[in-house]
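Chains as they are written, first to last, in the working numbering: chain A, 1 to 295; chain B, 296 to 555.
It cannot be assumed that every hint is accurate.
Claimed, not checked - Below, a sample of chain A positions facing chain B; criterion: calculated Cβ distance under 8 Å:
no.	residue
1	45
2	46
3	50
4	73
5	155
6	204
7	208
8	225
9	227
As the list claims (entries may be wrong) - Listed below are the simulated SDA-like cross-link pairs for lysine to any residue, each with C-alpha atoms no more than 20 Å apart in a straight line:
no.	chain 1	residue 1	chain 2	residue 2
10	A	23	B	349
11	A	144	A	92
12	A	23	A	217
13	A	23	A	43
14	A	23	B	540
15	A	23	B	499
16	A	23	B	472
17	A	23	B	380
Said to hold, decoys possible - Quick partial rundown of chain A residues pointing at chain B, CB under 8 Å, derived from the structure:
no.	residue
18	112
19	141
20	158
Hints in this document: simulated from the structure, not taken from any laboratory. Using N, Cα and C, we set each Cβ at its ideal position, and we do this for glycine too.
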Amino acid sequence: MNAAHVPTGIACGLPAAGGIGLKPEHFREILDTQPELGFFEVHAENYMVAGGPFHHYLTCIRERYALSIHGVGLSIGGASALDEAHLDRLAVLLDRYQPESFSEHLAWSSHGGAFLNDLLPLPYHAAALDRVCAHIDRVQERLKRRMLLENPASYVEFAASTMAETEFIAEVVRRTGCGLLLDVNNVYVACVNHHRDPRAYIRSLPLPAVGQIHLAGFACDVDAAGAPLLIDSHGAPVAQAVWELYEFALEGLGPTPTLIERDNDIPALPVLLAEACQAQRMMRERVAATDEVCA
Amino acid sequence: MNIQSAFADALLAPEAVCPPGLLAWNGSDPGRRFAVYRNNVMVSLIDALADSYPVTQQLVGEEFFAAMARLFVQAQPPRSPVLALYGEGFADFIEAFPPAAGLPYLADVARLEMRRVQAWHAADAAPLTEQELARLLADAALPAARFGLQPSLAVLRSRHAVVSLWAAHQTDDVTAALAQVAVEDAENALVLRVGLEVDIVRIADGAAIFILNLQQGVAFGAAAGQALAAESGFDLVAALGMLLRGGAICSAGFSRSEAA
Numbered sequence: 001m002n003a004a005h006v007p008t009g010i011a012c013g014l015p016a017a018g019g020i021g022l023k024p025e026h027f028r029e030i031l032d033t034q035p036e037l038g039f040f041e042v043h044a045e046n047y048m049v050a051g052g053p054f055h056h057y058l059t060c061i062r063e064r065y066a067l068s069i070h071g072v073g074l075s076i077g078g079a080s081a082l083d084e085a086h087l088d089r090l091a092v093l094l095d096r097y098q099p100e101s102f103s104e105h106l107a108w109s110s111h112g113g114a115f116l117n118d119l120l121p122l123p124y125h126a127a128a129l130d131r132v133c134a135h136i137d138r139v140q141e142r143l144k145r146r147m148l149l150e151n152p153a154s155y156v157e158f159a160a161s162t163m164a165e166t167e168f169i170a171e172v173v174r175r176t177g178c179g180l181l182l183d184v185n186n187v188y189v190a191c192v193n194h195h196r197d198p199r200a201y202i203r204s205l206p207l208p209a210v211g212q213i214h215l216a217g218f219a220c221d222v223d224a225a226g227a228p229l230l231i232d233s234h235g236a237p238v239a240q241a242v243w244e245l246y247e248f249a250l251e252g253l254g255p256t257p258t259l260i261e262r263d264n265d266i267p268a269l270p271v272l273l274a275e276a277c278q279a280q281r282m283m284r285e286r287v288a289a290t291d292e293v294c295a
Numbered sequence: 296m297n298i299q300s301a302f303a304d305a306l307l308a309p310e311a312v313c314p315p316g317l318l319a320w321n322g323s324d325p326g327r328r329f330a331v332y333r334n335n336v337m338v339s340l341i342d343a344l345a346d347s348y349p350v351t352q353q354l355v356g357e358e359f360f361a362a363m364a365r366l367f368v369q370a371q372p373p374r375s376p377v378l379a380l381y382g383e384g385f386a387d388f389i390e391a392f393p394p395a396a397g398l399p400y401l402a403d404v405a406r407l408e409m410r411r412v413q414a415w416h417a418a419d420a421a422p423l424t425e426q427e428l429a430r431l432l433a434d435a436a437l438p439a440a441r442f443g444l445q446p447s448l449a450v451l452r453s454r455h456a457v458v459s460l461w462a463a464h465q466t467d468d469v470t471a472a473l474a475q476v477a478v479e480d481a482e483n484a485l486v487l488r489v490g491l492e493v494d495i496v497r498i499a500d501g502a503a504i505f506i507l508n509l510q511q512g513v514a515f516g517a518a519a520g521q522a523l524a525a526e527s528g529f530d531l532v533a534a535l536g537m538l539l540r541g542g543a544i545c546s547a548g549f550s551r552s553e554a555a
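Isolated chain A, as found in the complex (with noise of 0.2 Å):
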């Protein structure tokens, strides 16, 4: 396995500023309002429909923003071969909306024919790094591009793993050439879930690979022995503990292309914009700070 049928170039051209996901409910409100914004994301399979007012409302946002298409669906770390047909609607998407970021997980949904709606964890050993980086060799083969590789949150780990998280992403970055989408909220959740350093699991991560970051809010609760249990679920503000940890990413990183993800109980449109430009007041500040000491 080599990286050298990969298309070079950058795997990720947005702008390092703020993003938002793109909700139904607020898209009228963006064209009338046409704010201030690095870059929008969408979910990939969201838009793998025929027609209608989908298509219509992302073709009129794509025309003014920056876009980030994310897909949840591919089962890359699944146990079965890649399903073709989803590849196939991914690239007729990717050709139509041009995104300046692709990006997919870490984990499996899909398995018997089954599409189980949930980005499912995978034991890290060596025949497991091997079908993850075949699949995305057969991705970017089919999708012409580099695409970004999200680390998982998780809530369990398995017996038969062999290899730390981040050791058995560094090893998939270095085989297929992806980058990665660095999701603080994930490294958080799953460094509280399993008892890890969040800032020794960054340090750990091929950083020069980074193409986005990703910030998310995370629900609390506890497991068996009343240890904390984070719960990812992209249904609230983005915690103070997982802001400190972006600070802390961006002094390896610098001004990186960040994405507030929101998928439940979505607020007013204003509310996801106002943490978009925290997120980008935090770069400033950080490029800023790096400034004074490098004067």
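Given the coordinates of chain A, assemble chain B onto it according to the supplied hints.
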């Protein structure tokens, strides 16, 4: 990888079971953690059905709907990551679901709601222009014309008052509106996306038969004849006018073999 098979089976199993091979850092029972995935899968798919079937949900209440949807998800999980049209078999499931037998109209309301979702996402097609229509209507061969209709168009024929039931739930005072509905009245629904909105209107038997025939590629004259035979009061001008106003006719041709 058998780990995934066991994991997937346990996600959809009716009773809470934990697949083997899972760990928690503190040695606690991984079943509690696995339950998060089980819950995510089930709740997200029930929510997807609720999004597509809001009136069905209102008719039975959230709790009944969730219980019925859960059984449907377990029996017929999605086969595709494209969830927009998930639940096409839900109406048939409801029809055969004994606890819902007291609401014999429920399955048809669900059918109407799925037609609405399908119309929402159907392919875009340009209607015939006014000049094209004028030429067509003046053509002596009009009775032999076969029409191509909007991909979003659907006709649903029901033994129940599906359109009135659906429309009552679009009002501010649903209870008052429902009190006016005679659920045992048979109704036909015409579903059509006009611009960016999906219209649902009640149409008479003749109009329903006329449009269904046109949709199947039957020639204009023969379709009108079928409608008249079924309903002596069939108003061809009104039915055609309704289609034209909604931009429902996208193409017309005269060949026997081509519907377009």
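Hint check:
1. 45: For residue 45/A, the interface hint holds, since the closest Cβ of chain B sits about 5 Å away, which is under 8 Å.
2. 46: holds (7 Å)
3. 50: Since chain B brings a Cβ to about 4 Å from residue 50/A, closer than 8 Å, the hint holds.
4. 73: holds (2 Å)
5. 155: holds (4 Å)
6. 204: violated (17 Å)
7. 208: Violated. Min distance 30 Å.
8. 225: holds (4 Å)
9. 227: Interface hint status for residue 227/A: holds (5 Å vs cutoff 8 Å).
10. 23/A / 349/B: Holds. Residue 23/A to residue 349/B sits at ~19 Å (cutoff 20 Å).
11. 144/A / 92/A: The given pair, whose Cα atoms are some 12 Å apart, holds under the 20 Å limit.
12. 23/A / 217/A: holds (17 Å)
13. 23/A / 43/A: holds (10 Å)
14. 23/A / 540/B: Violated, at about 31 Å.
15. 23/A / 499/B: violated (38 Å)
16. 23/A / 472/B: Judged against 20 Å, a Cα distance of about 31 Å means the pair is violated.
17. 23/A / 380/B: Judged against 20 Å, a Cα distance of about 18 Å means the pair holds.
18. 112: holds (6 Å)
19. 141: With Cβ-Cβ at 20 Å, over 8 Å, it is violated.
20. 158: With Cβ-Cβ at 6 Å, under 8 Å, it holds.
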